[in-house]
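Visitor: Sequence:
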Amino acid sequence: MGEYDSACGQRLKERLQALEDSRAEELAQNLVACLDAQESFRFSRRLASEGARKPFFLLPEEKLQELREKRNSGSLAGQQYEKIRAVARETSLEDSRIAYEQKDGKYTYEELNKRFSIWGRTEQSVNAVTPPGTCGARLSLCLPCEENEEQGLGHIWVTGFRLLSADGPEIPIPNACFAVQGVGECPAVQRREEGSAVQGQEADGAAEGFPAGWRMEVQKGSPVCRHEETGAGESCLYLCNPTPSDQVTVTAREILSLKENSGYTLFFRAKQDGKFKEGFRAVLEFLDEDGNVTGRFEHVYNRKSVIPMGRKSLSMQCNAIVYALEGNEEYAWKAKYDMLAFLNDFCQGAEYWMVCNARPEGCDAYGAVQAGRIMCSAASTYSLISRSGVFTEEEKQFFYGMADYLLQYCLDMRDRMSMSMERVQRGSSNWQTDMCIGVAALMAVLPDFPNRKTWMYNAEAVLKAQLSKNLNRDGSWPESIRYHHAALEHFASFAALWRQETGEDWLQATRLKDMFAYTIHTVTPPYAYFDGHIGTPPFGDHRLSGGTEFGIYGLYLQKIAGLDKKLADEMYQVWQKAGYPVKTLGGEALALENLLYTEPEAFRINAENRLRPESAVNYPDSGIYIFRRRGESGKENYLAVMGSAKPIGHGHLDQGSFILYYQNVPVVMDSGVEGYFDASTQWHLSSYSHACLQFAATEEEQKTLRTENRVINLNAGNYSLDRGWLDVSRRSKVTETVIGDETDRITLEIEHPRGREKGIHYRTILFEKASGAVTVEDRVEGYAGKILFSMPLAMKTARVEGQRVWAEGYYSVNAAVEFLAPVQKIYLEKGRTTPMLPTADEVPMLLYVRAETDASQGFAVRIHPCEG
2 MGEYDSACGQ RLKERLQALE DSRAEELAQN LVACLDAQES FRFSRRLASE GARKPFFLLP
62 EEKLQELREK RNSGSLAGQQ YEKIRAVARE TSLEDSRIAY EQKDGKYTYE ELNKRFSIWG
122 RTEQSVNAVT PPGTCGARLS LCLPCEENEE QGLGHIWVTG FRLLSADGPE IPIPNACFAV
182 QGVGECPAVQ RREEGSAVQG QEADGAAEGF PAGWRMEVQK GSPVCRHEET GAGESCLYLC
242 NPTPSDQVTV TAREILSLKE NSGYTLFFRA KQDGKFKEGF RAVLEFLDED GNVTGRFEHV
302 YNRKSVIPMG RKSLSMQCNA IVYALEGNEE YAWKAKYDML AFLNDFCQGA EYWMVCNARP
362 EGCDAYGAVQ AGRIMCSAAS TYSLISRSGV FTEEEKQFFY GMADYLLQYC LDMRDRMSMS
422 MERVQRGSSN WQTDMCIGVA ALMAVLPDFP NRKTWMYNAE AVLKAQLSKN LNRDGSWPES
482 IRYHHAALEH FASFAALWRQ ETGEDWLQAT RLKDMFAYTI HTVTPPYAYF DGHIGTPPFG
542 DHRLSGGTEF GIYGLYLQKI AGLDKKLADE MYQVWQKAGY PVKTLGGEAL ALENLLYTEP
602 EAFRINAENR LRPESAVNYP DSGIYIFRRR GESGKENYLA VMGSAKPIGH GHLDQGSFIL
662 YYQNVPVVMD SGVEGYFDAS TQWHLSSYSH ACLQFAATEE EQKTLRTENR VINLNAGNYS
722 LDRGWLDVSR RSKVTETVIG DETDRITLEI EHPRGREKGI HYRTILFEKA SGAVTVEDRV
782 EGYAGKILFS MPLAMKTARV EGQRVWAEGY YSVNAAVEFL APVQKIYLEK GRTTPMLPTA
842 DEVPMLLYVR AETDASQGFA VRIHPCEG
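Per our numbering, residue 2 is the first one in the sequence shown, and the count goes up by one each step.
Treat the hints as calculated values from the structure; they're not laboratory data.
There is no bait here: all hints are sound.
In silico SDA-like pairs for lysine to any residue, Cα to Cα no more than 25 Å straight-line:
(1) K55 / S7
(2) K55 / E67
(3) K584 / Q80
(4) K278 / S141
(5) K397 / F450
(6) K514 / D475
(7) K566 / V618
(8) K567 / R474
(9) K578 / I521
(10) K647 / R707
(11) K797 / S813
Generate coordinates for the entire structure from the input sequences, incorporating the hints supplied.
Guide: Now the structure itself:
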């Protein structure tokens with residue numbers, strides 16, 4: 002396995018010699034012959050999938066037998082198998098078959114509604130920004146008369162309306178699921194206190210049996226508008242126009258309290274039995290304090306409800322695994338139907354992307370990067386059931402046709418094998434990683450697929466070049482920590498596949514091992530909110546967790562131990578401190594890997610390899626600098642600072658920001674990120690949500706630097722600008738780091754976002770290891786305007802007293818913030834964050850200490866955390 006054919010090798014040598022000896026008139030012909038011989042030699046490599054005993058995907062025969070024996074045990078593999086089997090049993094064979102057959106439109110909605118809950122929803126990308134002067138909004142719903150039963154489809158069911166805020170709690174919509182008294186009532190929603198003239202305005206009365214909190218206005222004719230219940234017993238609103246002469250509008254009685262210049266995301270669920278001519282309309286009419294209209298936002302919904310396909314990418318894997326371990330053929334049939342139905346749906350979405358260059362129905366699940374991941378899922382599924390006999394020849398060809406479509410979605414046949422490593426990976430990111438891994442994985446399980454080795458070796462060339470050229474010198478992937486771990490997980494899966502297929506060990510042949518080493522010494526202290534587990538600092542597109550990102554470590558302990566015992570021992574201890582996490586069972590992940598973990602009690606570390614995390618400033622490429630001190634009690638004081646010399650992929654506008662723990666409890670924290678589509682994204686990306694210093698925006702800058710609001714929020718938009726401030730530059734220069742016995746220090750140089758000539762910000766952060774106190778000194782040169790200091794505290798409450806802020810926190814940790822030099826203004830604000838605080842609030846909030854002053858004054862701020 003992995004060896005090349007000697008005869009092909011000899012032929013290549015002969016062609017090379019002939020090329021060297023060529024006369025001028027023979028040169029072209031001999032060059033072509035040499036290139037042909039090179040390709041023949043390359044493709045002569047013996048692959049495991051070409052042997053008489055083809056291996057299962059990532060699963061040697063002996064490991065399969067071991068899993069059969071462990072599946073009913075209390076082992077980690079046994080526990081994971083129970084979860085996999087539970088997923089496999091969620092749907093019946095009949096349901097899987099009908100869902101597959103529906104690709105040909107075999108069943109009517111009436112027939113399908115008896116078996117499935119066929120509801121759709123808005124994507125979380127229905128975003129609106131309120132105009133200046135806005136303090137409220139009126140929500141109304143309408144199915145226009147153009148949508149009617151006489152001329153086509155004229156009815157819809159809707160429920161579950163929500164309005165999400167960019168930076169604060171969700172805006173409550175009373176009776177958002179249209180319950181009537183005593184029937185399917187919504188959870189109680191706390192009503193807001195009346196504060197402005199537009200709050201609490203209501204129309205008189207309501208029709209008997211009509212949902213409370215809503216009023217209907219018949220514009221014309223005799224439309225149908227009533228409360229109904231879903232098949233699951235949930236309340237909803239049913240709208241129907243029997244003829245073109247019918248139309249009704251339903252309006253929320255209560256004015257929703259909003260803020261000006263703020264982002265909001267509208268979300269709801271709907272059941273739509275087909276396509277409308279245009280669609281159902283949901284309208285937000287924005288109002289000022291006097292009830293005058295300041296603007297209007299309208300969303301047109303026209304999304305046909307279909308049998309849910311999203312979970313089938315996991316279901317197909319789980320059914321295939323259960324078949325492989327238990328031998329019950331019913332699971333193989335379900336796996337086949339689920340795989341074919343899912344891929345058929347996905348290929349339609351891929352076609353829409355390629356033809357329209359837009360997300361199908363606004364859904365992001367059909368992109369090429371997702372294609373790469375689900376090709377891995379399909380490869381695992383097909384490998385485990387391909388010998389079961391459940392595929393007809395027609396179904397196999399249908400599968401191969403979809404495979405061909407996905408291959409061309411992710412890659413092409415141009416020869417990457419002859420390119421330089423720099424050229425082949427140029428401009429690539431984690432997207433190309435996932436796409437190429439999917440191509441190689443699918444080709445590995447289809448040995449009779451046309452040109453499969455060209456596809457495989459092209460993919461391998463890109464991946465090997467990425468690890469050689471794209472990976473940073475410090476072992477970090479050039480994106481946020483979240484994406485580092487995502488890339489590591491996928492590279493590691495490919496390495497396991499490639500070793501199985503060719504015998505080549507990428508843990509030795511590439512820098513993959515360096516990716517496992519990175520983040521070990523950046524880990525955050527164990528935190529009670531996450532059951533005493535560690536995590537990683539949530540800079541950029543990341544979120545603080547209890548170490549779920551370390552699930553990959555338990556999969557590769559034994560392989561790493563054979564090469565680097567010290568690294569393996571450190572990985573094990575990180576995995577242990579994170580609570581032995583395993584990968585989440587999901588359709589875009591390989592469910593099979595959840596059964597391949599090292600059993601925690603089976604691994605032994607060497608005493609000399611005990612993990613003792615210390616201050617670490619040796620990750621300059623990732624821009625993360627760590628300072629820490631562990632006390633005699635075992636609790637840690639910890640400071641993480643962001644300072645990257647080049648822009649970080651999926652990074653935020655957070656240069657110079659920092660995270661602080663005191664005695665294992667967060668004191669200053671980064672809000673992380675929640676998603677890429679809802680209105681909160683621009684809040685999380687902007688400098689305004691970070692522990693940064695910002696320059697004031699001039700009137701001209703507030704006009705000329707504005708960006709348009711887009712469906713996908715990969716920039717910070719106008720969040721800071723709307724509040725009068727410029728976002729921080731995407732890069733900085735760390736000019737000094739000092740690691741001492743009692744104190745650590747870091748100094749950064751951050752240019753004005755519009756260029757060095759506009760001003761330079763110098764930030765020095767001093768960390769007192771024993772006390773956990775931090776002093777921040779901000780000095781500005783070459784700029785004469787206002788500056789803003791922001792610092793998000795992970796605290797319950799805070800109050801300003803003169804030049805000090807007193808904050809009461811969680812887990813008996815409080816903090817005093819003292820401004821050591823005079824400032825013009827100190828105030829407090831709140832901003833949403835990811836779940837990380839023991840609060841009863843639906844949306845956890847950080848407390849922001851903000852201060853304004855002239856650039857000539859700068860800031861000197863001391864943060865002193867304490868217990869009790």
